[in-house]
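From first to last, the protein sequence lines stand for chains A and B.
Per the numbering used here, the first sequence starts with residue 361, numbered consecutively.
Per the numbering used here, the second sequence starts with residue 3, numbered consecutively.
Among the clues, some could well be false.
[To be verified] Covered, in the sense of this in silico footprint (three residues per stretch, anywhere, with C-beta under 8 Å from a C-beta of chain B), are these stretches of chain A:
hint : segment
1    : 384-398
2    : 493-499
[Stated by the list, open to error] In the DSBU-like style, the derived pairs of lysine-lysine whose C-alpha atoms are separated by at most 35 Å in a straight line are:
hint : chain 1 : residue 1 : chain 2 : residue 2
3    : A       : Lys538    : A       : Lys385
4    : B       : Lys314    : A       : Lys403
5    : A       : Lys497    : B       : Lys243
6    : A       : Lys385    : B       : Lys58
7    : B       : Lys300    : A       : Lys497
8    : A       : Lys497    : B       : Lys293
9    : A       : Lys403    : A       : Lys370
Everything labelled a hint here was simulated from the structure, so no lab data went into it.
Note that beta-carbon positions come from the ideal geometry of N, C-alpha and C, so glycine has one too.
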Amino acid sequence: MGLASFIRSKLISSESDNQIDRIEKPTGSLGYDPWGFNSDMVKMGMGLARHVYEKYFRVETCGIDNIPAEGPVLIIANHSGQLPLDGILIGYALANRKVKPRLPRAMIERFFPTVPWLGNMLNEVGGVLGDPVNCAKMLENDEAIIVFPEGVRGSGKLYRDRYQLQRFGNGFMHLAMKHNAPIVPVGVVGCEETIPAIANIKPLAKALGVPYAPIALPFIFPAKVHLNFGKPMYFGGSEIPEEQVTERVEAVKSEINRLIVKGLTERKRLF
Amino acid sequence: MPNKPRPQILVTGAAGALAQQVIKQLNDTCDIVAVDFREQVDLGNKVPSYCIDFNKRVFEDLFRRYQFDGVIHLGRVQSSELTRMRRYNANVLGTQKLLDLSQKYGVKRVIVLSTYHVYGAVAYNPALIDECAPLKSAGLSADLVDSVELENLANLYLWRYPELNVTILRACNIVGPGVRNTMSRLLSSKVAPVLAGFSPMMQFIHIDDMADAITLAWQKTTKGVFNVAPHDWVAYQQALKLCGCTRIPIVSVPPVLPKTIAKILRLRSFPHYLLAFFKYPVVIDGRTFAKEFNFTPKRSLSEIFRYYRDNK
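If we strip away everything but chain A, and leave its shape as in the complex, we get:
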């Protein structure tokens, strides 16, 4: 047995294999889609994510059925914790739901494709370069897409700024309106405590060509994570002034804030 087959046999259970097979995905003849999604890698990724989700972060999810069973949808969440763990946990929650599971795509930071192995791996498990053209084409394909409108402003923020939402870009709202896609807001609580950073060495980040270089312990803390999914929000009519688009974005932001407060209230302990 080769190394790849060994890892595969350890990670993929028949249960998770069946779960992925239940979900239809528009792929080509060799199991790839144009963004690099690969069904075999997703099965391995899901096997690994199961342990991370269930055992390490012991995620509690509320309202996952608010995500429509089909059609285009944008899952908008707060971003935190230096690494895209929040995206993985949201993705797993949706792929593993009992009724009508879906394999969502996640818009990833623009520097990931330049990182050897990691960029390809993220693409294979459903990550897609955060580009409006990609997002639009995937909505046309009726995909569920996870977007963090704070971008690196959210994931790279320091521990002292935890649970303070940063500025949201308006791009996701334009796409939702244009493609008539509902927005499902998500409040993520717990990821802020996974890699608490006390400072960001900006010159080092610039020299390395990465968005941030945090001073943090080289360890991911097993914080308990709460995911609260809100009710779908619908925004029709794409021909409105930018000021009104910003107001709509603020409405989504407020809802996410409410879901974060709900998660913080429900949380009984950090770990």
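Following the hints, put chain B in place on chain A, whose structure we already have.
Using the frame of chain A, we list chain B on its own:
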């Protein structure tokens, strides 16, 4: 009732496998004249074949001798051939001469084969690039300037001389029996270099399907720019695996290292100016062409790779 005269077509790049396939397909319904600047090819008694440099005055004699109804320009010199200057002369100045003569002698249909390389391989490329996307490759490598310039020229003639009915086809990787481009060389080799940690998504079209696409473009006079690619994708390293190639990883960071290695090795199948295409995906959207010309590729990726695997 007199028979409708057979259209007369000039096909360039006759020494290439694709041109010969196109000639074979059109030979029954059209009178073909084949030309190549590299060598004279024997295409049988029915097809006059010439070895002429487009930039020489004698090239015009062909237009005087034959009343061409159409020109199918497949004679683009690939970036792995000749020097940069000779390629520029052949691809840019030669194509300009060809288009000028087409206009002067009343040609009614021009098809120009271009390449998806014109889009350029950058980390920020979205997938399913459509025809309106900017052509970034000229800014990335001087070795690809002639490919972009050729397109710009064809575009100019497309708008300035609508009567030429210019159609530009930006094809993905054309592969299959007889194809001698960079990608086909890689797939047919026993060992193939890869950039460690990078396996971009790629598209491959079988030479016979590409010939079908060109024939369909000849049969329908819709001018414009079209991507030609099947709606199917595979990661580069997976494609090599399926072709039975042993992959040799080359250190990929910092970017100057693989470039230096490629320059030292001077491999025709892994040129330094195409390295970015082995790092970042350039996935094009061929649906507009497929819809407009009713084109469906017949050969699957598995069939393409099986050919390379069985002919190692």
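Here is what the structure says about each hint:
no.: 1; hint: 384-398; in the structure: holds (count 9)
no.: 2; hint: 493-499; in the structure: holds (count 3)
no.: 3; hint: A:Lys538 with A:Lys385; in the structure: holds (23 Å)
no.: 4; hint: B:Lys314 with A:Lys403; in the structure: holds (33 Å)
no.: 5; hint: A:Lys497 with B:Lys243; in the structure: holds (29 Å)
no.: 6; hint: A:Lys385 with B:Lys58; in the structure: violated (55 Å)
no.: 7; hint: B:Lys300 with A:Lys497; in the structure: holds (25 Å)
no.: 8; hint: A:Lys497 with B:Lys293; in the structure: holds (17 Å)
no.: 9; hint: A:Lys403 with A:Lys370; in the structure: holds (12 Å)
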